[in-house]
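Protein chains in written order, with UniProt numbering: chain A, 1 to 255; chain B, 1 to 177; chain C, 1 to 224.
Please note that the accuracy of each hint is not assured.
Calculated pairs, DSBU-like style, for lysine-lysine (alpha carbon to alpha carbon, straight line, at most 30 Å) [unchecked claim]:
#1 B:Lys80 - B:Lys49
#2 A:Lys180 - B:Lys62
#3 B:Lys127 - A:Lys167
#4 C:Lys217 - A:Lys21
#5 C:Lys119 - A:Lys45
#6 A:Lys180 - C:Lys120
#7 B:Lys96 - B:Lys127
#8 B:Lys62 - B:Lys127
#9 A:Lys171 - A:Lys130
#10 C:Lys120 - C:Lys4
#11 C:Lys4 - A:Lys130
#12 B:Lys96 - B:Lys49
#13 A:Lys45 - C:Lys4
#14 A:Lys171 - B:Lys134
#15 A:Lys228 - A:Lys180
#16 B:Lys127 - B:Lys80
#17 B:Lys127 - A:Lys228
#18 B:Lys139 - B:Lys62
#19 A:Lys8 - C:Lys4
#20 A:Lys21 - A:Lys8
#21 B:Lys62 - A:Lys171
#22 C:Lys217 - C:Lys119
#23 A:Lys228 - A:Lys167
#24 A:Lys167 - A:Lys130
#25 B:Lys62 - B:Lys49
#26 A:Lys180 - C:Lys217
#27 A:Lys130 - C:Lys217
#28 A:Lys228 - B:Lys134
#29 B:Lys80 - B:Lys62
#30 B:Lys134 - A:Lys167
#31 B:Lys62 - B:Lys96
#32 A:Lys180 - A:Lys167
#33 C:Lys119 - A:Lys21
If the Cβ cut is set under 8 Å, some of the chain A residues that face chain C in the computed set are [what the hints assert, rightly or not]:
#34 Lys21
#35 Phe38
#36 Phe42
#37 Ile55
#38 Phe57
#39 Leu60
#40 Lys180
Keep in mind that the hints were calculated from the coordinates and are not lab data.
Here a beta-carbon is modelled for each residue, glycine too, at the ideal position from N, C-alpha and C.
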Amino acid sequence: MKRGKGMKFVGDSRVSINNRKPNIPTDYSEYPGKTEWFYPDFLLKEWMVGAVFLIGFLCLVIAEPPPLERVADPTDTAYIPLPDWYFLFLYQLLKYSFASGPFNVVGAFIIPGLAVTALLLAPFLDRSPKRRPLDRPFATGFMLLAVAGIFYLTWEAAAYHDWEASKEQGKIRDVVEIDKENPAYGILEANTCLSCHGENLEGSVTGPPLVGTELSAEEIMDIAVNGKGDMPAGLFTGTEEELQQIAEYILSIEE
Amino acid sequence: MSKEKQSGKEKQDISRRQFLSYSIMGVGGFMAAATVMPMLRMAIDPVLKAEASGDFIATNVKVDEITTEPQRVDFNFEQKDGWYESTVTQTAWVYKDENGEIVALSPICKHLGCTVSWNSSDNYPDKFYCPCHKGVYDKDGTNVPGTPPRGPLDRYQYQINDGVLYLSRRASEVGGE
Amino acid sequence: MLNKVYDWIDERLDITPLWRDLADHEVPEHVNPAHHFSAFVYCFGGLTFFVVVIQVLSGMFLTMYYVPDIVNAWESVYYLQNEVAFGQIVRGMHHWGASIVIVMMFLHTLRVFFQGAYKKPRELNWIVGVLIFMVMLALGLTGYLLPWDMKALFATKVTLDIAQSTPLIGDMLKTLIAGDQHIIGAETLTRFFAIHVFFLPAALLLLIGLHFIMIRKQGISGPL
């Protein structure tokens with residue numbers, strides 16, 4: 001705060017009336033065509049880049065609805081988890097034998113810990129005043145190695161993962177109210193149908209839903225006895241009459 | 001003389017400033033501690049809370065039904081998750097070993113907590129196999145060296161009442177305790 | 001009109017020095033894409049901040065519908081995505097923004113690293129930047145659980161198992177994060193919600209503030 005005689009203030013405040021800084025831009029005419037003001041010259045350019053970026057981003061948002069899987073069910077033991085894509089490389093690291101089992105500490109703490117510490121302390125590890133990447137081969141080399149490692153591990157994890165099954169296991173399944181008192185439901189249960197096709201016949205990773213199959217009674221009976229796809233033959237062990245019964249039952253809950 | 005007086009006064013000034021700044025630190029420390037301490041204690045409560053002692057849960061398996069082939073046993077109990085009470089299902093792989101002793105293994109993979117199952121992979125017959133990272137365990141739950149898991153599968157404790165198998169709520173580490 | 005408002009405020013608060021400092025700070029030639037197209041690499045930091053702003057805004061609006069409760073969390077997300085007009089867009093912005101922000105930050109970090117821009121006197125700003133990166137990853141991790149769908153639950157289970165395998169303090173650490181020694185449930189969700197919505201954003205805003213103050217003070221690093 002400037003002090004001195006002749007200073008006048010706004011009311012009883014400390015904001016001066018005279019000696020006010022005029023609101024005019026600094027003169028950069030000494031550097032023609034080089035330096036420019038942040039506002040409005042440069043900010044406009046930045047915002048133009050931002051606007052183009054935003055258009056791309058909004059296109060992505062509109063084209064790809066955010067995924068939502070079915071509600072969390074801790075009892076579903078068959079679910080194979082997958083972290084968000086930017087943690088895939090860490091997840092993959094834990095699969096290798098030098099970083100798992102008795103060496104889990106290596107994969108989970110020592111390697112990531114060293115990497116993070118090195119990144120955090122980079123200015124103190126790489127202290128030469130040289131800035132060009134080629135003038136500091138160690139820093140550049142280590143970073144390139146790390147980036148290559150991250151890309152490789154992410155790619156490995158993505159290649160190993162069964163995306164089809166992954167999509168199937170998380171699907172939101174419509175649960176239709178079905179009549180569980182019907183004796184045919186008991187027959188399904190006794191023939192282990194429900195363990196794959198779900199307690200509400202809503203399907204699971206191992207078997208498709210039996211609601212709305214669009215099959216005829218004959219086809220249903222044929223599949224129950226002879227199997228189809230991954231379903232082996234001979235799973236149904238009941239009588240011919242029971243077979244008839246479950247076919248009618250499944251047709252009755254056809255929506 | 002005046003010089004002496006001045007320096008004396010300066011000294012006094014410094015110590016007065018020091019006193020005040022120590023006081024500020026003290027009062028500030030008190031204010032910070034008194035506001036944050038209850039909050040921290042609240043946040044770490046789950047760590048310090050003693051766990052309710054586990055009793056044994058009846059399963060629907062009769063002891064003489066248990067064979068030497070591991071079978072999947074599901075059992076239910078009431079679980080209190082904070083204010084949320086629910087019935088949960090735990091799974092165990094149960095069999096009798098060569099000595100006729102019952103073994104109840106937890107299906108939670110000791111690598112990253114996926115779920116293992118018996119004989120589920122064609123490549124590893126008569127083993128417990130974890131599909132996440134290809135972890136393999138022997139029948140007695142020992143992890144096969146060279147696969148990712150960090151140790152053998154946890155085991156449930158069991159009791160037998162009236163010929164029915166009772167299992168503990170939680171499986172505990174083998175050789176851990 | 002605007003000028004009058006400006007004068008009225010300036011008369012009372014003398015804001016011109018602040019405003020001129022911001023508006024006039026010079027932008028050197030080598031970061032200006034109008035002079036060198038390769039200067040687009042300097043945009044990554046600004047774009048990161050832009051996405052952070054989108055994340056904060058969309059997150060604030062998402063909490064108008066979302067409840068952090070294991071019975072209702074999924075239902076509320078399903079509702080806001082399928083029943084609320086533009087709910088899918090807002091959730092989409094938050095979901096995809098979370099990925100884009102990591103990409104942009106990664107590129108920004110590489111730019112600063114390969115240009116050696118972290119060297120003296122900018123060591124502190126580099127450290128703050130790395131801390132921002134960590135906070136962002138933690139935001140991604142905690143936000144992943146909130147929809148309470150299958151992948152959320154099981155990915156968090158894996159995360160907590162990794163935390164539990166920490167030597168010595170593993171069990172305590174897991175209980176502290178999950179709110180229960182064995183269960184990933186009601187208390188885990190509220191904890192992750194609090195961390196994702198209050199603790200980490202507070203840390204993030206503080207760090208970003210420091211980051212910007214230091215950039216203004218030290219200026220952009222010179223050309224290579």
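Evaluated hints:
1. B:Lys80 - B:Lys49: holds (13 Å)
2. A:Lys180 - B:Lys62: Cα-Cα ~27 Å, so holds.
3. B:Lys127 - A:Lys167: OK: Lys127 (chain B) and Lys167 (chain A) at ~27 Å, within 30 Å.
4. C:Lys217 - A:Lys21: Since the Cα atoms of Lys217 (chain C) and Lys21 (chain A) sit roughly 21 Å apart, the hinted pair holds (cutoff 30 Å).
5. C:Lys119 - A:Lys45: holds (28 Å)
6. A:Lys180 - C:Lys120: violated (73 Å)
7. B:Lys96 - B:Lys127: With Cα atoms ~15 Å apart, Lys96 (chain B) and Lys127 (chain B) stay inside 30 Å; holds.
8. B:Lys62 - B:Lys127: Cα-Cα ~24 Å, so holds.
9. A:Lys171 - A:Lys130: violated (54 Å)
10. C:Lys120 - C:Lys4: Given that 30 Å is the threshold and the Cα spacing comes to 44 Å, the pair is violated.
11. C:Lys4 - A:Lys130: violated (51 Å)
12. B:Lys96 - B:Lys49: Since the Cα atoms of Lys96 (chain B) and Lys49 (chain B) sit roughly 36 Å apart, the hinted pair is violated (cutoff 30 Å).
13. A:Lys45 - C:Lys4: holds (28 Å)
14. A:Lys171 - B:Lys134: OK: Lys171 (chain A) and Lys134 (chain B) at ~24 Å, within 30 Å.
15. A:Lys228 - A:Lys180: Holds, at about 25 Å.
16. B:Lys127 - B:Lys80: The hint is violated at about 34 Å.
17. B:Lys127 - A:Lys228: This hinted pair holds, its Cα atoms lying about 28 Å apart.
18. B:Lys139 - B:Lys62: holds (21 Å)
19. A:Lys8 - C:Lys4: Judged against 30 Å, a Cα distance of about 22 Å means the pair holds.
20. A:Lys21 - A:Lys8: With a Cα-Cα distance of about 14 Å, the restraint between Lys21 (chain A) and Lys8 (chain A) holds, given a limit of 30 Å.
21. B:Lys62 - A:Lys171: violated (37 Å)
22. C:Lys217 - C:Lys119: At roughly 15 Å apart (the allowed maximum being 30 Å), Lys119 (chain C) and Lys217 (chain C) satisfy the hint.
23. A:Lys228 - A:Lys167: holds (21 Å)
24. A:Lys167 - A:Lys130: violated (50 Å)
25. B:Lys62 - B:Lys49: violated (36 Å)
26. A:Lys180 - C:Lys217: violated (72 Å)
27. A:Lys130 - C:Lys217: holds (22 Å)
28. A:Lys228 - B:Lys134: holds (28 Å)
29. B:Lys80 - B:Lys62: Status holds; Cα separation ~28 Å.
30. B:Lys134 - A:Lys167: holds (20 Å)
31. B:Lys62 - B:Lys96: Given that 30 Å is the threshold and the Cα spacing comes to 12 Å, the pair holds.
32. A:Lys180 - A:Lys167: Holds, because 29 Å separates the two Cα atoms, which is no more than 30 Å.
33. C:Lys119 - A:Lys21: violated (36 Å)
34. Lys21: holds (5 Å)
35. Phe38: Because about 5 Å separates Phe38 (chain A) from the closest Cβ in chain C, which is inside the 8 Å limit, the hint holds.
36. Phe42: holds (4 Å)
37. Ile55: Violated, about 13 Å.
38. Phe57: holds (6 Å)
39. Leu60: holds (6 Å)
40. Lys180: violated (24 Å)
In this structure, the earlier hints numbered 6, 9, 10, 11, 12, 16, 21, 24, 25, 26, 33, 37, 40 are contradicted, and the remaining ones agree with it.
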